[in-house]
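Number of protein chains: 2
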Amino acid sequence: MTETSSPDPSPPGGQQGSEEDSVAFEDLAYRAAVVDLLGAITYGEISAFERLTDDAKLAEELPDKLALAKMATVQFGHVEPLLERISTLGADPMEAMAPFVKPFDVFHAQTAPSDWLEGLIKAYVGDGLAADFYVEIAQYLDSGTRRLIVDSLADAGHADFVVDRVKRAIQEDHRVGGRLALWGRRLMGEALSQAQRVAAERDSLAALLAGGVDRPGMDLAALSRMFGRLTENHARRMAELGLDS
Amino acid sequence: MTETSSPDPSPPGGQQGSEEDSVAFEDLAYRAAVVDLLGAITYGEISAFERLTDDAKLAEELPDKLALAKMATVQFGHVEPLLERISTLGADPMEAMAPFVKPFDVFHAQTAPSDWLEGLIKAYVGDGLAADFYVEIAQYLDSGTRRLIVDSLADAGHADFVVDRVKRAIQEDHRVGGRLALWGRRLMGEALSQAQRVAAERDSLAALLAGGVDRPGMDLAALSRMFGRLTENHARRMAELGLDS
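Protein chains in written order, with this note's numbering: chain A, 320 to 564; chain B, 320 to 564.
Calculated from the structure, these hints are not laboratory results. Positions of the beta carbon are idealized from the N, C-alpha and C atoms, including for glycine.
In silico PhoX-like pairs for lysine-lysine, Cα to Cα no more than 25 Å straight-line: (1) A/376 x B/376; (2) A/389 x B/376; (3) A/389 x B/389; (4) A/376 x A/389; (5) A/376 x A/486; (6) A/421 x B/376.
Covered, in the sense of this in silico footprint (three residues per stretch, anywhere, with C-beta under 8 Å from a C-beta of chain A), are these stretches of chain B: (7) 364–372; (8) 378–387; (9) 409–418.
With the sequences and hints as input, model every part of the structure.
Following this line, the structure appears as structure tokens:
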């Protein structure tokens, strides 16, 4: 999990302190966009919690079940601070999450894992991609929101666990590698297409990236560098699993 | 949730302090029995966690989903101290839980709820019965173990939540009451028959209840009073739901 591609070295929002945060929130469009983003992240965390508990249920070994259930509860611990932040911003957390329930649920229904290994990879690839994406976006936000987002996406030890179990399974039976590599590609494709659909429907995110009076936006070159980093990190994660991307 | 039938007023183990605890554990049969009991309770908690997350997944309303997921994580928080206690007693927690995996899993497979309300009732009735039973047994144990057990079984706010949702559902459609009352009876029957099977296979519990040099046992009269209290509390829980037992 070392050497992941990091966001551009000097993020435009990097110098903002908490005093400037309140200034940022005077821009109501900015505030609405942050609420939207936090709503998506929060429902994503709840959804990740459910996926981890599903994986825990599929575990054949009791220590594996326990390890996954524990990770799930750690992940769920991120939900409360996010809900509080949404409330602080004057929005209703349930309403903020509502637009993202269906896209996440559709994604999960379309990528239901057929076994324990597929479930592990889905959580690993999905959480990794989501975390990378949100951290990228967070660079364009006020520092308080940025810190909250980065903290919320901290890995709960899941990555090492998945890498270990998947590598072990491939060692035991080389044939599973091909099937799982295909699965990883499919997940990436479904995630991107679902994300695209959300972005098209909710223009708050687009507005956020376009910038504001006090916030520089993301130009096309920066956007394409971002997608480059996301793809690169995905490939690195697949390689860590011993799979071609 | 008031006025539940409590265990006999002066529990025989009630006067034991933590110094006497170490004396109790010099009896290796006692130590093994406690490990067995804690193994059962711990796997029961993990199993309850899984059931709550299943219920959370069935929730149609986002606040319900969130409330149940939160209860699940609170419940899971009891697991760690139990595992530690088993280790402190010189046993392997995974081995201690192993004999109870199948009975619990069989019980859950035989009583898979067909909808959200059945799931809620199952968790409420099942957790209540289990908690009553373990707390009864705990009265015959050293004080350290007793405290741990009682703390582990503290209700995570689940009871009030279930009572509220089930009552509301019956108000909206009176016909569901009959079906759910039947369901409650079936759950009680399955739980008792599964518990009986476990007790017959593991004689450590029987030995525990028979007492030791320094611990009085439970005679037949006390045993029958205990079953009376378990049944009474079950009936009270069903009545709180607005259901006949």
